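Protein chains in written order, with UniProt numbering: chain C, 1 to 484; chain S, 1 to 484; chain X, 1 to 484; chain R, 1 to 484.
Just so you know, these hints were derived from the structure itself, not from any lab.
Take the hints with a grain of salt, since some may be wrong.
Since the list can't tell identical chains apart, any single copy or any two copies may satisfy a pair.
[Unchecked claim] Within a straight-line C-alpha distance of at most 30 Å, the following computed DSSO-like cross-link-like pairs (lysine-lysine) qualify:
no., residue 1, residue 2
1, Lys240, Lys26
2, Lys26, Lys352
3, Lys414, Lys472
4, Lys326, Lys475
5, Lys240, Lys25
6, Lys401, Lys123
7, Lys472, Lys240
Everything numeric in this text was worked out from a predicted model, so none of it was measured.
4 protein chains.
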Amino acid sequence: MAMMTGEQYEASLRKLNLQVYQFGKKVENVVDDPIIRPSMNAVKLTYELAHQPEYEDLMTATSHISGKKINRFTHIHQSTDDLVKKTKMGRLLGSLTGCCFQRCVGMDAMNALSIVTYDIDQKLGTEYNKRFLKYLAYVQENDLTCDGAMTDPKGDRSLPPHKQPDPDMFLHVVEEKEDGIVVRGAKAHQTGAVNSHEIIVMPTISMREGDADYAVSFALPADADGITYIMGRQSCDTRKLEAGTIDRGNQLFGGHEALVVFDNVFVPWERVFMYKEFEFAGQLVENFASYHRQSYACKAGVGDVLIGAAQTIAEYNGAARASHVKDKIIEMNHLNETLFCGSVACACEGGKQPSGTYLVSTLLANVCKQNVTRFPYEISRLAQDIAGGLMVTLPSEDDFKSPEVGEWLTKYYKTCEGISTENRNRILRLIENITLGTAAVGYLTESMHGAGSPQAQRIMISRQVNMAQKQKVAKQLCGIKEED
Amino acid sequence: MAMMTGEQYEASLRKLNLQVYQFGKKVENVVDDPIIRPSMNAVKLTYELAHQPEYEDLMTATSHISGKKINRFTHIHQSTDDLVKKTKMGRLLGSLTGCCFQRCVGMDAMNALSIVTYDIDQKLGTEYNKRFLKYLAYVQENDLTCDGAMTDPKGDRSLPPHKQPDPDMFLHVVEEKEDGIVVRGAKAHQTGAVNSHEIIVMPTISMREGDADYAVSFALPADADGITYIMGRQSCDTRKLEAGTIDRGNQLFGGHEALVVFDNVFVPWERVFMYKEFEFAGQLVENFASYHRQSYACKAGVGDVLIGAAQTIAEYNGAARASHVKDKIIEMNHLNETLFCGSVACACEGGKQPSGTYLVSTLLANVCKQNVTRFPYEISRLAQDIAGGLMVTLPSEDDFKSPEVGEWLTKYYKTCEGISTENRNRILRLIENITLGTAAVGYLTESMHGAGSPQAQRIMISRQVNMAQKQKVAKQLCGIKEED
Amino acid sequence: MAMMTGEQYEASLRKLNLQVYQFGKKVENVVDDPIIRPSMNAVKLTYELAHQPEYEDLMTATSHISGKKINRFTHIHQSTDDLVKKTKMGRLLGSLTGCCFQRCVGMDAMNALSIVTYDIDQKLGTEYNKRFLKYLAYVQENDLTCDGAMTDPKGDRSLPPHKQPDPDMFLHVVEEKEDGIVVRGAKAHQTGAVNSHEIIVMPTISMREGDADYAVSFALPADADGITYIMGRQSCDTRKLEAGTIDRGNQLFGGHEALVVFDNVFVPWERVFMYKEFEFAGQLVENFASYHRQSYACKAGVGDVLIGAAQTIAEYNGAARASHVKDKIIEMNHLNETLFCGSVACACEGGKQPSGTYLVSTLLANVCKQNVTRFPYEISRLAQDIAGGLMVTLPSEDDFKSPEVGEWLTKYYKTCEGISTENRNRILRLIENITLGTAAVGYLTESMHGAGSPQAQRIMISRQVNMAQKQKVAKQLCGIKEED
Amino acid sequence: MAMMTGEQYEASLRKLNLQVYQFGKKVENVVDDPIIRPSMNAVKLTYELAHQPEYEDLMTATSHISGKKINRFTHIHQSTDDLVKKTKMGRLLGSLTGCCFQRCVGMDAMNALSIVTYDIDQKLGTEYNKRFLKYLAYVQENDLTCDGAMTDPKGDRSLPPHKQPDPDMFLHVVEEKEDGIVVRGAKAHQTGAVNSHEIIVMPTISMREGDADYAVSFALPADADGITYIMGRQSCDTRKLEAGTIDRGNQLFGGHEALVVFDNVFVPWERVFMYKEFEFAGQLVENFASYHRQSYACKAGVGDVLIGAAQTIAEYNGAARASHVKDKIIEMNHLNETLFCGSVACACEGGKQPSGTYLVSTLLANVCKQNVTRFPYEISRLAQDIAGGLMVTLPSEDDFKSPEVGEWLTKYYKTCEGISTENRNRILRLIENITLGTAAVGYLTESMHGAGSPQAQRIMISRQVNMAQKQKVAKQLCGIKEED
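Here chain C stands alone, though its shape is the one from the complex (with noise of 0.2 Å):
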């Protein structure tokens, strides 16, 4: 099959059976659900834009093995170039939909599995890249959507797998069969998982020996026999379900997050990657972070309209012109460029592994995300800021179109000639979508806990800094001869 068109993606979705709760009930038909199909369209914007012209040289890559064009979803970085072709997408992306498009977790999961697969197998003689590389093929070939699944529930965190008190707080393998193994566990936070053909599964912590049950990898098709998605809910979700439009904000596009339940679930061999080399987890979870922070730079997609909706708003506020107003535009513009910064160094300074891979750089990967933990939250006060008051005192859409009461909302808050109060309204919402409602899960809580929290950044950066140089230089400068 050739890339799928966005009607092909939809269609596909559809005939998937998915186990998806949500409200305490089992949701019939996934696709049309008021509340996820917002998320669908924005994976779906991952097809159709492949398809644009003007857009094929971000949205698509040259596979490595069939040689045919493929989507950049499914690509596996063969160049730094890949690498900032795809923080470039994800911005365009952010920048196109105000959320989060959930297709770049399991482009992360893809290309961290054929970095370690390689190394597995160079290490321990087993063939774990052949069948990665195999159901690789078969997933660019099908131009499917993964849900790279991490994130274990952890229980107690002071505790390793093993010693649980309830063994399921990680996923782990609770049997072994001859055609494969059966697993059992959650992920939790899964973006994207119910928008997804496919579930590829990791572990979430570095393991020691006591751990090897849980130190596995493989892929799933998502409606595979055990699974269940329980969806979580946003701030702001039932909006959605809510007879206008205006209110929610976004018309469009959203995002969504499920915790995903392995309730004895079979994989065949051939889909497993990773199978008790508890010594890999570690690895494995270090390059998928740090390819997944460089995938933030959606963020500052986001950005891009949040700053197009202040400006919006300003004007219509009549302030775009006062000295403060533009001064906070720029400081959000050098905020969100600042972002960008960071996931292009990554790209830029990424390197060549034996598999052949490329891999960003781990240093400025968790730099890049650090920023992302906290200059959202000022783009949004700023442009909350930027906003007024109204933004969270504005009446509803009912309101508005109420016989009795609609005349003196539309009379009450107009401002300059020629703005339309309903489009005030609109841009207002936007702004609330983002910055409170079902936006703000995935641009600020999101932002902050994605991709692992802040001090998992900091404690890398810790890690990856070149310490001992900084130090031997600045004794010479002032003149400490080197202790030996």
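Once you have looked at the hints, place chains S, X and R on chain C.
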């Protein structure tokens, strides 16, 4: 009547005949409306605490008119000690409700009017102060909650009131009668409006001669003929309509804001406190703003709740002893107490006005509020850091109760021994409520824009500092002869 | 004696026979030493202002012992009003000198001792308070400047005093005699030491039983036998030795710090205020630290000078009306006033101790100081932004006077009509002085470390907040039943 | 000639006959002047490293003119890889010298001229590019250090060059001769001027028709007749004149800046690269500024030294394992690497100009530099936090050597076993040097103002972002029909 009890307050509200609209429909029972009710609970607490001995010192005062014990919210500050107690009362209530308790705006309006009506009379030989004191005695005697209504819609911000294409964009007198005046216009962002017995109207900006019809201040019963309230909606507002209670975060308290429309409303002369004295509009705005910027001590109280919640989730997550978590809690406290310092300092540095009323330091009140436009955002960011990503990926209460998936949720969201999954959910929902949900409206966006947007404070800071003295000393110290 | 005049103070210093070393040589004439002299000028101002009617209210107080008017620097605070005046006195002096005026540390030591000597006596039946009050009367009567000496060298920070390889790393008793004790050790970072008549020694940390010999507090004349002062050097110190005056920035005032060595110094019993009561060492440290953290209100005064200088250079550069410059000046003021708020608030929230002395709020004093470790750095950064690069590329005063190149400099450094190039140089040198030069030592680095390094305040903030109450309410609000 | 060695460079400087003034006197031996010498050492290192195999890749390039290996500082960037290597070369040198090494400004001037001379020729049919390339070949062949001179004194900032009361406030042509032109004026803040062989002059602002005489660019030997250098003084400059070496902090390297006066200096036509083409002045300024803002990667190098010093003093103080110290070191690294990311990203995102030269991304170069105006100040603040107060209270080197007090100092400033007091002093003096002393001039104030003050970058950021696209998507997402 003595001070009302909470029950008496609630009963008194039921007697009002308010015209309230929400989601395009008239609210038939305001007091019991599930979205409005939590905000009534918060005001009710201001009545309840006044009867509790441990809070008597903060919550009550002695009327300088009647000599009787009154609720401090109806008191005119007679000393800097009164001002400091006002700060502490605000923090106390914020720390007990975790939200905006709404009653300060009327107190601030009355104190500002006690100064300005006196000053008008002194200059122009009018009798506004006498009228006002009579009205004040009525408020104190009946222990009423007053809405202080200042912010007009303002239309085209580049034009003064009388130049607006629509003359109603600022509330104004449309007719003078023998027994009073008729007014038209609207007041936006009215916090606690539908929980109030009275509404006290003030002009919103400095005015010049052409704006005389707009220079008007008066008080009306909240249910006077011609007044309509249209509720603003808040992030996650409809969660209060859901069957469960966990997902709303704060079980008890909330805030609300409304647009208040005055459609040719009659005001008898005895309730008119400014009438066309445009040259005093600016002073009234400034005095009210100074008092109200002090009032944001309440956000230190909400901060207390958020800090308590952050510490609790840290404990539930088993992370409370991690040095970076402890450090973040300290930073939250540090920022929160810095907010409190600003409110205490502007009170402590307050002074007696010609009317006998004590006014806060205008400079320091603006400094106080300026910090309020910043620190709650950072405190929220840190709270989200500590809370973890689960705060925005947690399934709904209904999922936890679901026979199909509830057990899985309880199993997989368990952390350490002895920690209740439900309690963890509850505290996460409270943090969500304050940082993204209904309370975020008050804790964040209203911290930004309430009592004036940040730029308003910056202008006041610029005007209030004694730059000439600073420059004089700087020049002396470096040997510049002062130019005369 | 009544309060000394500035001249009498200077004369009194000339009578002292201090052992002072600087640049490896003994300073024969301390008072006239060009590097030390500016710091003496600053202390002298504390005497001069006390005689000026406009400053009398802040600079003087009524002794609670003698009932006489005394310099406030020798006063024991008898009310929160006294505490607030102390804050204002500090800011006033900072704003007039642009540097550290050194006399607060003795005041803070005496106030702390007034509390702790009383508490020791109450618990142990000793007579330290009586001794102390007699000494205090002597200080008040003679209007003396006292150095409060707390910080020991501390050696290996991981070891308590009595476990140090060198027993002298903390000052301690080496001999007990009939008429007194003999002590040995040193005190570091002693601000204003060689401008003082007296030195009051206190322990530097909480102590346990083994450290009893180190739990000692006493007062000595500054020129007691066995005391030696070794001056610390400051950035740009030797500019004061240059012929011209412009390049030193501040023409009049400065600060200094010294290491004070006690080489077997005898202390008579009547001047010993703590002797082996190790269990009170911690309280003395904490009370002194709280007072001294309040004292950093002086930095808001230095900030006033820097802001005045920044405004002046903006005017000289013709940039004062640029919106970004005005905004930076506002930000400087905002931060500076926030510092002031902290000091006012901890004073206002102070309370009476059993001894009758008023102590500041420990929590808010620590919050105050924590901000002092941050904001002066940002204020300096903004001042450098406004000043322009010339501040660090300006040729020397001698170049401006040079017959070969002076005219060129005067020509090319001219800005707008009517602006004196020399005056511009002067104000640039003042900004350099405060942000990089001798005054930067006090405004920046000592703001960081004086009265305890930032982490010390964070620990105290952590201890002082009522976390249990915050958690209790948070749990109530979200429906968690308090565990009993 | 091949690339010069360090020794050859130093020898070449000795042959120059520069007119240099400092402290009001002519400097007879520039190379050996103790204040200037450290800056020469830093430039010298750019020659030395080019001969070391491990640095060859960064320090050298292949000339696109001659095809020979040249020092990268004389290279015209032929690819984004060249641009990225420029970034890394800058960081490398900063990390080895701990100061400004001065040679980048000439490289940036030449690259900007390689673009603009080409563009002028294309539009106007002139031959500037040919002239420039010939000159470039000379520079490359002789491996010269060039000073890029842009900043004019500017006089009254509100007036354009030709309206200034003194026509010399911007450098301009005063006479056109057959064989060349005569110029007059001055260039301020000239980093590394007296260590340069050549000086390349460019206009400093965009110009209009009346300013044609000011639109001039050319190159001259540094010792051309009529050029005079007047050295700027730096914080702590005279410590380099002291006998000891510890107190100067950095034993080897430093920077300098000078005012360069052009008093009717003749320039032959073959060295004139712009002559009255005022419409290209703005482009030249902007291209140079973009390159030079990229160059501030060097500050990440200086940051490396400061971080190394902070880690070292933490170890000497026995505090390196305290969690708050580790966290501060991480923060320093994080900010420092964020600076690096900006410089890498603007290089990576650079593009080919019509002349063939690669130019950095203007937007990201400005974002990069904007962060440089902030983060070094915070890194310095953290370094001072870690260093402790001793950094500013430490006695002089002479005191430590003094027979009277040296032993006491050595005794009392000892920390843990095995830590040399002298080494601790040395590292403290290095931190003082970078945060308050001579190197602070470069690390802080010049980070603020070099390559344009912060507001200049903000204006460029505002111009370079695609706001229309951001607004278009924001409107689409919330359902606003784009107005046509």
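Going down the list of hints, with the structure as the test:
no. : hint            : in the structure
1   : Lys240 / Lys26  : both (18 Å within a copy, 23 Å between copies)
2   : Lys26 / Lys352  : neither (45 Å within a copy, 56 Å between copies)
3   : Lys414 / Lys472 : between (65 Å within a copy, 22 Å between copies)
4   : Lys326 / Lys475 : between (45 Å within a copy, 19 Å between copies)
5   : Lys240 / Lys25  : both (17 Å within a copy, 20 Å between copies)
6   : Lys401 / Lys123 : neither (68 Å within a copy, 48 Å between copies)
7   : Lys472 / Lys240 : between (59 Å within a copy, 23 Å between copies)
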